[in-house]
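Chains A and B are the protein sequences, given in the same order.
Under the numbering used here, the first residue of the first sequence is numbered 1, with each subsequent residue one higher.
Under the numbering used here, the first residue of the second sequence is numbered 1, with each subsequent residue one higher.
Where hints are given, some of them may not hold.
Quick list of the computed label-pair ranges, beta carbon to beta carbon [to be verified]:
id: 1; chain 1: A; residue 1: L269; chain 2: B; residue 2: S133; range: 53 to 63 Å
id: 2; chain 1: B; residue 1: A214; chain 2: A; residue 2: R393; range: 42 to 52 Å
id: 3; chain 1: A; residue 1: R297; chain 2: B; residue 2: E81; range: 14 to 24 Å
id: 4; chain 1: B; residue 1: E117; chain 2: A; residue 2: Y314; range: 56 to 66 Å
id: 5; chain 1: A; residue 1: F238; chain 2: B; residue 2: P164; range: 52 to 62 Å
id: 6; chain 1: B; residue 1: P89; chain 2: A; residue 2: L23; range: 17 to 27 Å
id: 7; chain 1: B; residue 1: G161; chain 2: A; residue 2: Y314; range: 47 to 57 Å
id: 8; chain 1: B; residue 1: E81; chain 2: A; residue 2: R393; range: 19 to 29 Å
It is worth saying that the hints were derived from the structure and are not from the lab.
Just so you know, even glycine gets a beta-carbon here, dropped at the ideal spot from N, CA and C.
Next come the chains, spelled out residue by residue.
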Amino acid sequence: MNKLWHVAWHEYRRHVFNRRFVLVSLLSVPLVMLMMVGLVYLIISLDINTTPLGYVDFSGLLADPVSAPAPEPPDRPVPILPFETEADARSALEAGQIQAYYVLPADYLSTGRLSVVHLGALKSPARIQFYNYLTANLLKSTDPVIANRLVKGAEIIVQSPDGSRSISSKNWFNVLVPMVAGIAFIIAMFSTGGYLMQAVVEEKENRTMEVVITSVSPNQFMAGKIIGDTSIGLTQIFLWMLFIVIPILVLRDTISFLRGIQITPQTLLLVIFVMFPAFVMVSGLMAAIGATVSEAREGQQMVGIISLPIWIPYMLTGALMSNPNSPLAIGLSLFPLTAPLTMLMRDGLTILPAWQVALSSGIQVFCAVGAIWLAGRAFRLGMLRYGKRLKWREVFARQRS
Amino acid sequence: MPAVDLSHITKSFGPVKAVDDVSFSIEKGELFGLLGPNGAGKTTCLRVMLDIFKPESGSVAILGGPMNESKKDRIGYMPEERGLYQDIPLDRCLAYLGSLKGLNPAEVKQRAAVYLERFDLAAVKTKKVKELSKGMQQKAQVIATLLHQPELLIVDEPFGGLDPLNTQMVMDLLREQHAQGVTIILCSHQMHQVEELCDRIVLIDHGKVMLYGALDDIRRQFSGHSVTVRTADKIPALEGVERIEPVNGTVKLHLSPGTAPQEVLRSLVAQNVNLEQFEISMPTLDEIFIRVVQGEGAAA
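Just chain B, with the same shape it has in the complex (with noise of 0.2 Å):
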């Protein structure tokens, strides 16, 4: 059974279709990339997933059917806006926020100690919210996203406004809680992140979904674009190569549409080029997600 499981959403706000018959489901324990540029119809999909919003067309199956109330305790989720209360101390805050996700105090306490001794928060833990520095704020909101253990994490752009370090700690997180099994949807336009966590993510753009499955097979899919070649001969001019890049000694050849990679090695031979590496270039999943948003890719 998918952890969560959307079946054709439809969802707009006045003239503007924000998401556009989006079909998609999450395993449970996978770690999931929902993808798109900036204004895609990303964060209207998980506020849908979430009952916030609820759709014109279409279902949504969380954890195992429709949302409701006893359902929110077991997922916990970071949104793209994010806050706390800034009048009050930290851990009153993490108290007030973890009792809302069902803890009881003990619970909060106890599990709040270990996370803010982690997060190096412990001694700033009776302090206002609002005399912490933004950084000790976004691993404030971090910890109250986790302290109730939930099975289901769901973060927005968790990346967002955040140092080099700070996004190690994140990404490290999302490992962790991802080796512990809870199921993770990582929603982002930072597709460097995403490419190094997740397995399987779906892309949405304009409200629609462009891409969807394994991160593998739709590099495999977005491959024969370029093909890489080292050789100490001169490239001549081939039929199908649009353009030539060279790339730290070798020459990435960048092919025409409809030009297969057999097809220039068939040239290249032909015209005598001594080859040392002929390779079929895979893409990055940012050359991928600008060849799908300029319009190049089918959708899904």
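Next comes chain A alone, as it looks inside the complex (with noise of 0.2 Å):
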């Protein structure tokens, strides 16, 4: 096996196979995003409240009632119970044994006007509950699909001149999914990139170096370092995606939002031609950072310098969101830090011009190039510097090594 392949597998298998990272890396972000659905089931929940609800009807609407359809997950269904009169509701409220009740009065009909009495707050779930079952019985003698549309009510589909995309009222979430992609995508970026910084000034720190390198070049080493981190950091991206759609596909049958994620062919395409050499770019950075320095901890510090730009089109969503094609937005894309994210931002927003993709691309590439050679250079200057930090304009400097 060449040379490079052990250092890819040592720096693979040292970090995979290691509980910090199974516990840090792998199990952070679903762990976060299992809280934070939790959180929203929490919230949800605390608005959920069972206790029937009562009416009484003059308007004789509800002399015959139908159901209405059973609420979609997670909110659950409340029982509405009828009353002869106010005083029975009255009591049955003060009882606890409903949270509110309704009076329809006989002109309910004409008016629409209708009162609600509760003690405590009612909550949302329970007041729409208690709309959709009107609604239900209002439309009860009209035709069942006709019903069952004004039931849905509208849907408003933006679609783009050319048809070529569309958003739809219901699924106006898909906007967030590329967003919410390069996020994670920077996320394991960093993370992969950190591996890499703290692999490359390792060899220094624990006075490896001078075996290593009188072992195996130094380009083939710097090679093996970049794929094996690199493979790293695409394991734990796949891994993501695994813990994000698994739950997708189990979970779309029973919560109707989650039919609606889509990803379009057009992220994908930006993320191999947009993200991926975004990905090598940032581990070469990285990587330089980290032969440049002779401790890790050092490394840490300058990371700033690259992670603030990456993260500028996150803090100008709103810019970007109120206007995907001002040339704030497009000059963001071609910028190579800020474009991952912001190329992502603006597909879910708007139709990026074929040039701009792939010129972005390209800077994307030609910028990993450079980060790559410059890492090397860094490497090869700073490899052998114990305590002593490289300075940047040695690296840049014209002078044999």
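Since each chain sits alone in its own frame, please combine them into the complex, following the hints.
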């Protein structure tokens, strides 16, 4: 086996088959997502009160009532109970048997006015269920298909003039899918870059550098490290995808919200042609930082120089959303460090012109190659600088190493 | 064909000339000493030899020609700055370093087992390197250097930080490797060990070769600066003698530059001193080193 693969495998094995990697790198994002989903469920659950609702109908609408369609999970059905008189309903309310009761006056069908009596706060899930119950009964003599359409309401689809892109009011969250994918990718990018930086500085810290470079060429060694650590990042992304896709596939029949989530081929192309070169570029830059410093801790302080521009598009979400084709958005799409997130954010909001995708991708590839060159040069110059930082002007200076 | 041949090597770091027109060659199977004070340019010489640094001028031939990737597998290098991967078990660390020297896993396992047993590390091979004592780590470093059975062994300050027991162990090991025909370059400023082990040396100071050749020839070249005399008589004042030093029942006469021992002998006889012993003192490598470094010796 080529020594390059020994280096790559050593790097991969050392990090991936490690308890810390499983706990911190692999499970962190799924756990955060799980916590976020759990939090949303908790907030929704706090609003859910399945104590029955009551009503007193003087209009006759609910004399022979039909049931409303069951609510979507996580909401749960609230029993709706009829009362003959307001006094009965009031007694039940005071006894805690119902959370509220509605009074439909005799002229309800002509005025649409009704009243509700409750002691504690009446949360919207219960209120919506009662309104759905009323709507179902108002439409019970209508053709069920039409009634169903009326209950479901209108779905407004905004479409591009050429029909290549559309977004539905019911699937609005698809706008955010590329952005979320971009953020996940960037988190993986930085954690991989972090491994790489640590890995490059490690041989200097533990003084194995001279032994290693008299066994394998600096280029093979560096390439092996980049392959090993990039593979760690891809493993991370792949497993995160599994953690995300599997629950979506399992729960999509239960939760209608998940059925609408789509990743378009264009998003996938952007990931391949913009995100992947950006991934390599950031890895190269992190490796270059690792090569110039003498301790990993020192390198961490320099990472901010790279990470700050990468997150700028996220900070400018409002401006990018309100005008995704502005000169600012285009500029950020072409600047190497801001391009990855900007392009994915804009992908959810507008049609990206082919020239912008091609130019941005070209710039990313060029910068990725440049970053690898820089890393290789910094590594060759800095590999034997024990306890002493390599100055950047030395990296760029013309001299024989 | 020499195992290593350096010809007119020059290497600078900024304004500092670390190595200045250095030439020497090392024969196959030789145990060769590369000496010099701290900062003399020894390690730079080794790094140029190993193609870690490119020289500004001059040429290097190692194992019969320029350095290449396949030759790296035939060389064992123990640098002065030593270390191992701390967060992995010792056997995995040796397996990795062995694999970088072209060994397959079975070879590493088999050879490492022998060395681990010999160096009394077999019981701790599954422990993380950072959990081992400093002495154990140094022994592990030696194993990593020898695991691939190199033809050329380059050891830079191998005795640094070692206790007497481990120093002896490393010396025995170098003798053993030498006996097996391995070419060894011992880079050190600890003259005593070099004197015990090496047949030929090169002494570098301020990047220049100050002495080069067989150790006996060099000692002979530097002999004559003192004579040892045993006599019951009092030594009179003698022309050409700078200092008289009693040493274990004898007297050491330190001669001034340009004074030949024979002139001193003639003076002693002329002054009727009854001599029991008259011997031209052979200087130790330590003495030669100090004299050369202090500017007494000429560049070779």
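Hint by hint, here is what the structure shows:
At about 56 Å, the beta-carbon gap between A:L269 and B:S133 stays in the expected band of 53 to 63 Å. A hinted range of 42 to 52 Å for the beta carbons of B:A214 and A:R393 is consistent with their spacing of about 47 Å. Against the hinted window of 14 to 24 Å, the Cβ-Cβ separation of A:R297 and B:E81 comes to about 20 Å, which satisfies the hint. A hinted range of 56 to 66 Å for the beta carbons of B:E117 and A:Y314 is consistent with their spacing of about 58 Å.
At about 55 Å, the CB distance of A:F238 to B:P164 agrees with the hint of 52 to 62 Å. Our hint of 17 to 27 Å for B:P89 and A:L23 holds, since their Cβ atoms are close to 20 Å apart. Remark: the range hint 47 to 57 Å for B:G161 to A:Y314 is upheld by a beta-carbon distance near 51 Å. The supplied range of 19 to 29 Å is met by B:E81 and A:R393, whose beta-carbon atoms lie about 25 Å from each other.
Of the numbered hints given earlier, the model fails none.
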